[in-house]
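A.B. asks: Using the sequences plus the hints, can you model the full thing?
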Amino acid sequence: MAGQAAAQGARPAADSVTVAIEPTYNQVSGLHRRLLGDSYRAAWATPVRLPVFHLAQAKGGLTILERGGGLQTK
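Per our numbering, the sequence shown starts with residue 1045, numbered consecutively.
Hints should not be assumed to be uniformly reliable.
Stated by the list, open to error - Simulated restraints on C-beta separations:
1) 1074 to 1102: 44 to 54 Å
2) 1078 to 1103: 42 to 52 Å
3) 1105 to 1065: 28 to 38 Å
4) 1117 to 1088: 19 to 29 Å
Derived by calculation from the structure, the hints in this document are not laboratory data.
We put the beta carbon where it would ideally sit given N, CA and C, even for glycine.
C.D. replies: Take a look at the structure:
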């Protein structure tokens, strides 16, 4: 929880960030790749540039009303 609070308070200096979902996902052995296939490994490991989303600035300011999720398996 402390990590979340720290992450929420930190603001990137740029208007966008470049990230890969899992950079090491495409670094598997040949045997692993033959047994399990490519499974979009290159796509998951490709860095993409995404805009930074600021709640306070989007559409005149947005407010989080409640925590969501958790009902997917019911």
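A.B. asks: Taking the earlier hints as the rules, which of them does this structure contradict?
C.D. replies: none
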